[in-house]
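Colleague: Listed below are the residues making up each chain.
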Amino acid sequence: GAGVSQSPRYKVAKRGQDVALRCDPISGHVSLFWYQQALGQGPEFLTYFQNEAQLDKSGLPSDRFFAERPEGSVSTLKIQRTQQEDSAVYLCASSSNYRDQPQHFGDGTRLSIL
Amino acid sequence: SQQGEEDPQALSIQEGENATMNCSYKTSINNLQWYRQNSGRGLVHLILIRSNEREKHSGRLRVTLDTSKKSSSLLITASRAADTASYFCATGETSGSRLTFGEGTQLTVNP
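Chains as they are written, first to last, in my numbering: chain P, 1 to 114; chain Y, 1 to 111.
No lab work stands behind these hints: they were computed from the structure. Incorrect hints may have been included.
Using 30 Å as the maximum straight-line C-alpha spacing, the simulated BS3-like pairs for lysine-lysine come out as follows [to be verified]:
id	chain 1	residue 1	chain 2	residue 2
1	Y	Lys56	Y	Lys70
2	Y	Lys26	P	Lys57
3	Y	Lys69	Y	Lys56
4	P	Lys57	P	Lys14
5	P	Lys57	Y	Lys70
6	P	Lys57	P	Lys11
All figures in this text were calculated on a predicted structure; none of them were measured in a lab.
Can you build the whole structure from these sequences, using the hints too?
Modeller: Listed below in structure tokens is the structure:
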């Protein structure tokens, strides 16, 4: 079956530009997560949705980061006025339940800010 | 912020040998999960162990959990070159559903 799909796989932007990263979760998965992974590090939590409700956004590093999931399926992570420190891999994951379930990850979007 | 610490940071072994990776964490947890990541790819779930479990097996994988020491170990038996990857432990906290990852162990299995 189809897994979690993220697009684009690679994104290069100039400092100050806005970017939008898309995540298509596994069909029927209620929970959706965004993580940021710096080179050589483990992923760090950004935000979590249950259906269309954003239940936890405590990991978003600044108010330049915004995520939405308006219909409870596809999600978009938007970064405004990008800065070099935003360069990282952004991973999306979905799961079928609130807790005690594995998360299924996409291959990520590698964002490079010049 | 990273909750877990994994050791070793890097491990190089020969095919057929066993590989053991350790993970320590700081807060109370609901479950602990192990994931694997090949270079340039997303994370693949390997195994989940709940806080009331002490040991779990899946194929060549064996995971232990010691909540009194706040530590876990992942054993891969009879390793293969295809096991070469980064391995991460992640904790699911009692207070929510986010996962908190360690910094990972880079495993290299030489043919």
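Colleague: Taking the hints in turn, state whether each one holds.
Modeller: Structure-based check of each hint:
1. Y:Lys56 - Y:Lys70: holds, 16 Å
2. Y:Lys26 - P:Lys57: holds, 22 Å
3. Y:Lys69 - Y:Lys56: Holds. Lys69 of chain Y to Lys56 of chain Y sits at ~17 Å (cutoff 30 Å).
4. P:Lys57 - P:Lys14: Within the cut-off at roughly 26 Å; holds.
5. P:Lys57 - Y:Lys70: holds, 27 Å
6. P:Lys57 - P:Lys11: holds, 23 Å
Checked against the numbered hints above, the structure violates none of them.
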